[in-house]
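One letter stands for each residue in the lines below.
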Amino acid sequence: DAGVIQSPRHEVTEMGQEVTLRCKPISGHDYLFWYRQTMMRGLELLIYFNNNVPIDDSGMPEDRFSAKMPNASFSTLKIQPSEPRDSAVYFCASSLVWASGGPDEQFFGPGTRLTVL
Amino acid sequence: GNSVTQMEGPVTLSEEAFLTINCTYTATGYPSLFWYVQYPGEGLQLLLKATKADDKGSNKGFEATYRKETTSFHLEKGSVQVSDSAVYFCALKGGNEKLTFGTGTRLTIIP
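So the sequence lines, in the order shown, correspond to chains A and B. The opening residue of the first sequence carries number 1 in this note's numbering; numbering runs sequentially from there. The opening residue of the second sequence carries number 1 in this note's numbering; numbering runs sequentially from there.
By construction, these hints were calculated from the structure, which means they are not laboratory data. Where hints are given, some of them may not hold.
[Claimed, not checked] Part of the chain B face toward chain A, derived, beta carbon under 10 Å: (1) V11; (2) F18; (3) T28; (4) K68; (5) S72; (6) K93; (7) E97; (8) F101; (9) G104.
[To be verified] Covered by chain B, per the in silico footprint, the following chain A stretches (three or more residues, Cβ under 8 Å): (10) 12–19; (11) 75–85.
On a predicted model such as this, the values are computed, not experimentally measured, just so you know. Think of the CB as a built atom: it goes at the ideal place given N, C-alpha and C, for glycine as much as any other residue.
Please put together the full structure from these sequences, using the hints given.
Set out below in structure tokens:
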């Protein structure tokens with residue numbers, strides 16, 4: 001299996017521009033998670049989906065952020081307009097369902113390093 | 001709510017030294033506990049896990065025991081290698097579906 005695939009790996013943009021990050025989860029996985037990692041705040045869960053349905057978006061920092069999962073093999077995280085404080089590494093992760101319910105081990109993608117100038 | 005507190009880094013050790021990275025947690029009920037590792041330029045990957053009290057997770061020479069009485073899940077390795085240099089994250093999964101991560105501990109092993 002190719003693992004979780006994220007694109008682009010690096011993105012440099014200017015403040016005010018729209019940014020779209022993409023994720024392809026592992027085939028057959030039921031859950032998809034979006035995280036943000038910064039030195040100051042560590043690893044933060046932004047939103048997660050179960051069977052393409054958003055379950056919890058309480059970690060989305062503000063209305064400039066939106067995420068979609070139109071089908072089981074693709075998800076996007078969009079920032080519009082972007083700001084310098086959005087600079088971070090964004091990770092996507094996916095998982096199967098645990099035997100007792102809920103997500104099992106999460107498999108992380110390599111991340112997208114976003115720099116907003 | 002759930003929380004994870006892990007040892008402040010960075011930690012620097014010589015090759016073949018003994019490693020301990022402390023992790024304690026606060027959670028209601030009976031969470032599952034995890035250690036994830038992040039190598040430079042990569043995403044996190046599961047190192048080991050334990051799903052109930054007194055369970056020991058182990059992988060690649062690393063071990064951690066789920067201690068309910070001390071609410072701890074300390075990571076240990078008897079003899080570290082340069083290739084173990086990475087950032088290590090302790091995490092728990094409680095009644096909800098989300099993982100709660102610690103802040104990470106950066107480990108550097110020098111030859």
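Hint check:
1. This hint is violated: V11 (chain B) has a C-beta 17 Å from the nearest C-beta of chain A, more than the 10 Å allowed.
2. Annotation: F18 (chain B) was flagged as interfacial toward chain A, and the flag is violated, the nearest CB pair being 26 Å apart, outside 10 Å.
3. Interface hint at T28 (chain B): violated, since its Cβ lies 15 Å from the closest Cβ of chain A, which is beyond the 10 Å cut-off.
4. Restraint check, K68 (chain B) versus chain A: the minimum CB separation of about 18 Å is more than 10 Å; hint violated.
5. Using the Cβ-Cβ criterion of 10 Å, the hint placing S72 (chain B) at the interface with chain A is not satisfied: the shortest such distance is roughly 20 Å.
6. For the restraint placing K93 (chain B) at the interface with chain A, the shortest Cβ-Cβ distance is roughly 7 Å, inside the 10 Å limit, so the hint holds.
7. Checking E97 (chain B) against chain A by beta carbon gives a least distance of about 5 Å; that is within 10 Å, so the hint holds.
8. Proximity of F101 (chain B) to chain A holds as hinted, the smallest CB-CB distance being about 5 Å (cut-off 10 Å).
9. The beta carbon of G104 (chain B) comes within 6 Å of a beta carbon in chain A, closer than 10 Å, and the hint placing it at the interface holds.
10. Note: the stretch 12–19 of chain A has 0 residues with beta-carbon separation from chain B under 8 Å; the three-residue rule is not met and the coverage is violated.
11. Interface restraint, the stretch 75–85 of chain A with chain B: violated (0 residues with C-beta to C-beta distance below 8 Å; minimum three).
Going down the numbered hints, you'll see the structure goes against 1, 2, 3, 4, 5, 10, 11, while the others check out.
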